[in-house]
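There are 4 protein chains.
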Amino acid sequence: MLRIAVLGCGRIGGMHAANIAAHPRAALAAVYDVHRPSADDTAARHGVSVAETAEAVFASPEVDAVLIATATPTHADYIEQSVAAGKPVLCEKPIDLSLARVNACAEAIRGRDPVIQLGFNRRFDPGHRAARDAMRAGEIGDLHQVVITSRDPGMPSRAYYEAAGGLFRDMTIHDFDLARFMLDEEPEEVFAIGGRLIDPALMAELDDFDTAMVILRTASGRQCHINNSRTASYGYDQRVELLGTTGMLISGNRKPHEVSHFSARHTEKAAPYLNFFVERYHEAFNAEIGAFVDAVEKGIPPEVGFEDGRRALILAEAAMKSAAEGRFVRVSEIG
Amino acid sequence: MLRIAVLGCGRIGGMHAANIAAHPRAALAAVYDVHRPSADDTAARHGVSVAETAEAVFASPEVDAVLIATATPTHADYIEQSVAAGKPVLCEKPIDLSLARVNACAEAIRGRDPVIQLGFNRRFDPGHRAARDAMRAGEIGDLHQVVITSRDPGMPSRAYYEAAGGLFRDMTIHDFDLARFMLDEEPEEVFAIGGRLIDPALMAELDDFDTAMVILRTASGRQCHINNSRTASYGYDQRVELLGTTGMLISGNRKPHEVSHFSARHTEKAAPYLNFFVERYHEAFNAEIGAFVDAVEKGIPPEVGFEDGRRALILAEAAMKSAAEGRFVRVSEIG
Amino acid sequence: MLRIAVLGCGRIGGMHAANIAAHPRAALAAVYDVHRPSADDTAARHGVSVAETAEAVFASPEVDAVLIATATPTHADYIEQSVAAGKPVLCEKPIDLSLARVNACAEAIRGRDPVIQLGFNRRFDPGHRAARDAMRAGEIGDLHQVVITSRDPGMPSRAYYEAAGGLFRDMTIHDFDLARFMLDEEPEEVFAIGGRLIDPALMAELDDFDTAMVILRTASGRQCHINNSRTASYGYDQRVELLGTTGMLISGNRKPHEVSHFSARHTEKAAPYLNFFVERYHEAFNAEIGAFVDAVEKGIPPEVGFEDGRRALILAEAAMKSAAEGRFVRVSEIG
Amino acid sequence: MLRIAVLGCGRIGGMHAANIAAHPRAALAAVYDVHRPSADDTAARHGVSVAETAEAVFASPEVDAVLIATATPTHADYIEQSVAAGKPVLCEKPIDLSLARVNACAEAIRGRDPVIQLGFNRRFDPGHRAARDAMRAGEIGDLHQVVITSRDPGMPSRAYYEAAGGLFRDMTIHDFDLARFMLDEEPEEVFAIGGRLIDPALMAELDDFDTAMVILRTASGRQCHINNSRTASYGYDQRVELLGTTGMLISGNRKPHEVSHFSARHTEKAAPYLNFFVERYHEAFNAEIGAFVDAVEKGIPPEVGFEDGRRALILAEAAMKSAAEGRFVRVSEIG
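Chains as they are written, first to last, in my numbering: chain A, -10 to 324; chain B, -10 to 324; chain C, -10 to 324; chain D, -10 to 324.
Simulated from the structure, these hints should not be mistaken for lab results. C-beta atoms are modelled at their ideal positions from N, C-alpha and C, and glycine is treated no differently. Hints should not be assumed to be uniformly reliable.
[As the list claims (entries may be wrong)] DSS-like mimics (lysine-lysine), calculated; alpha carbons at most 25 Å apart, straight line:
1. 244/D with 310/A
2. 310/C with 310/B
3. 244/D with 244/B
4. 287/B with 244/A
5. 244/A with 244/C
[Claimed, not checked] Quick partial rundown of chain D residues pointing at chain A, CB under 10 Å, derived from the structure:
6. 30
7. 49
8. 138
9. 141
10. 209
11. 234
12. 315
[What the hints assert, rightly or not] Just so you have them, the derived chain D footprint on chain A, three or more residues with Cβ under 8 Å:
13. 17 to 29
14. 133 to 140
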């Protein structure tokens, strides 16, 4: 049993705490949150103790590893402290909104070798993973195009937007990682447009976007399209399509059940898709914990690590630059 | 070009006339209907002549073959007359409501050998046929179970009911033929129940049913279920399912287009199914004409002939007996 | 937290033990199995104690309720003992293979009032339940037909067959309960045929069936078809279809993920269905535990109780009689 | 009956001739092809005469209207001649590969007013049209994103490529028109990349592409993605997706039948999609003829006219420029 402490007991930290507590090979060691009542609440639910400070977690001999789900500006610091304490880390994305800070963090932890796994949960989704496995097994021949549809079921709060660092670094960053996972090759060029279609006033005020389209191209010419929106009224929309010379693979959405309704006005009417990431990626979040335990216990590199987090951020910055300048931006221009 | 005359210009005769007129290998030779205006109307639409009598059709040197779509009580007579005139026949089901009359007709035409094809159009449906072909090619191993769902989109008129001979001989007869087509073996036993659920008063008055369930069993033990209803509000429901030792095949319904709608209340909502047999079996009716032309031109037996019509009627009578007596009826008790 | 002891640590008992251990509102109190190593193994997995005897479980003040997953012949005895000890019971189906024993058990516990819930897990499946809820909410008008497809992914062992009491009491019994759940009315008549198509020699030797079709009819004339087979090579096949005057509802199968594959030879090829009940009804088994906890804590009748188990058994016996005699059997002939 | 002559008896001209011959409201008046045997063959199939020259067609009093399906360089000339002769035209896309020539043609026919309909058949597809109708009826709220998947089932011949004018003017031009049809607003900016992934050597030699991705943006900010490939091994892939504030619409692909196959290795395996445009857009091509007859008979503007052809070409030129320069190109830069 790997004893994992959870830093940050918000929506996603709370979910991770529950997953760890229920995991057959992990135990919830302790929780911490700058907002003490959140930590208390999570601790009570799972019968674990609350750490007074993050430092106490890093110092504790009862803690084997740390899951970082705190506010983004703390991620890099906590990674550095955890690494200094010799504790493996599973860190939510992004590492930081600043590429310079990410690079400094990389420098700070260089040469030390604990597992640092990034929270790109989608790589662990059974569907997305089965699609990629089939592609790599040759079931569609040579890969030519990837199409990623990624739409949230609704607009987050203003406060969320203010801290998120913009659509490309907050939302599309998951798709950039998924694109890298699927393309089997690094994207070299990025084109992106951002739109203010759902809440134009708020988006203009915050200089942010609620809708986006992206095109990526790899060195060998593979093409990838990503589309994002925060208005998928029909549920969290998460699809990946892979086109190759001899076939296509689609990893589609999940519904809560398989009931369909037929009437004089329609056939095959089904329930809305699972609403958001906690439900849609339930199995993925669990598999992510399992993969982290494996990496730590076997001393192997994590399936998705620090450098993956850095590269996804670089793609996000390239997208921001492209959206501003209206041109194909080379990834090498960024980092 | 095979010159085919159409006897009977009602809904189904009119459809056949149009299909023949548009068929690349057939020509509409003439039309006849006891109700002259119907014949005039159909003739005008296709620029052909109206025969004064059915006898004139059988006698005409301009007519190579006859399609019989008149009222059921005339079918056997017209078959006999057409055979006597040496003209191949494509006859709508049933041959007659009386098995004795069907047997007498069989006797009357014995030894003469024109093509007599029965209008069991479903055998020519691309989906049903592809399912059967796949089954016979071994794609599901040994066949164990057949499930036929066959539901009309609405109740016919009282006049239709009065002439139709009861649900089993009117509606289920198509499913009995389809069951024989799919089972690849003769059913030996029949169990059936009839229900009066849609219009109980009318059904009781006419001693008929609007809803039914049937089980058939063959000599080798294969099982077949048929369910019927005249209340498929979502469109004509025509499905066939074949279960075998190594797999299953389902031939499903057709929609007018593949548009699906997603909203906060549902996903994947599609259009109602094609409404009724003219639309749903459009390709089948055309293929039926083509198969008839082939049989006549090549002098080969029709794909579905007189004896198939007789056997479907026997199954219908067995079902009627079973529904009355509440027991498994052996087909050999009937005919 | 309801402290539940599990009697019987075979496949299904072991699954229940794990579900109880992970349930937020239940705790695994102890386990027992006549085969001590099975009990030891399950106990070790969840860190609980092994009871020396079933009697020790009933007597223990540390046990609030009992889940019975032992061999069928012990069910009625254990129910009686548990009731005598004042402990609520969640009992796997069937109560007993003998209706006389079931009736005696009913007599023995009459007047005492602990919760006795039967393990008809399918009632708790999110899909089946959503379909029934929609039907009861009027979304298909008046219900006319129910079609239940229920096929196991493979043949069980000879030993299993020898103890199971025949297809209708072992496998179809779940479908009889589901039919009662869906029909919203008691079936009054039963017709059934059994087949020996997968392993004819074994089935003949054991006087059992591996394939079946059933028709039920209620007092108001509602019709229900059930088909069973132990050869669903494509995965556990569990479908329910409800036809009403204004629409249809289908509760379909679940796949492990939503990946589809397209090639020159096919489109939309998906993964096999979830293999068997542990996977397919995972959510249902959890909801079943939750409903049991609710019933005990709130002192309300269970959603599916002793009388439901008795009625399903009566339908199974009626089916056996029908299969033997080839006729529609009235339920009132049985019990 | 509108008497329509067909100029050009290649694959698409031959198809149009057959559709006109079978159309209830149109008649095939004559055919012409610079390659006489093609014209003879088509004429013989439908029992019509062959015109010696295109000029003879324009002059004939037996010809009410002209369908132009000849080689692209003749389109503008024939449009001008047909208009001069007062005959309505249904012209295959593109009007010309040169925007200057298209503009000159527009000038030449200015002020005269016969119907000129462009052969953008996809607007008449029942699915695409139903999706657009539903969108315009408010079923998805405000439109934000359009995603068009448009992939051919295989590479055309080298000769075809040499005459086609490049992927964007040959293949994507249909998608540009469909995008305009769906966006309900003019695209103002175009970004495009072209790839040489299927036959890199041939594509490099011809300076052409076999794979492409495009992003369009309208004045109000609506976003549209198009992806193209000539390697849809699973059949002609033609999908349109519309995302709005309250829902989504998808117009999907058509199969030849609805048979699905289930086995130990897969479920729901269906047939490949209809192979190419003749099959997939069969209903659309017929509706296109019907709409042309309507426009001519009622003296109303065609549903898709000369200016639509010109605008689609402008978008294609913008895409070519974008692919060359790696930047968002404003449509106003082109024409």
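Against the structure, the hints come out as follows:
1. 244/D with 310/A: 43 Å, violated
2. 310/C with 310/B: The given pair, whose Cα atoms are some 21 Å apart, holds under the 25 Å limit.
3. 244/D with 244/B: 11 Å, holds
4. 287/B with 244/A: 54 Å, violated
5. 244/A with 244/C: 11 Å, holds
6. 30: 35 Å, violated
7. 49: Since the shortest Cβ distance to chain A is 48 Å, the answer is violated.
8. 138: 8 Å, holds
9. 141: 12 Å, violated
10. 209: Result: holds, 8 Å to nearest chain A Cβ.
11. 234: It holds, given that the least Cβ distance between residue 234/D and chain A is near 6 Å, below 10 Å.
12. 315: 4 Å, holds
13. 17 to 29: violated (count 0)
14. 133 to 140: holds (count 5)
Against the hints set out earlier in the document, violations occur for numbers 1, 4, 6, 7, 9, 13.
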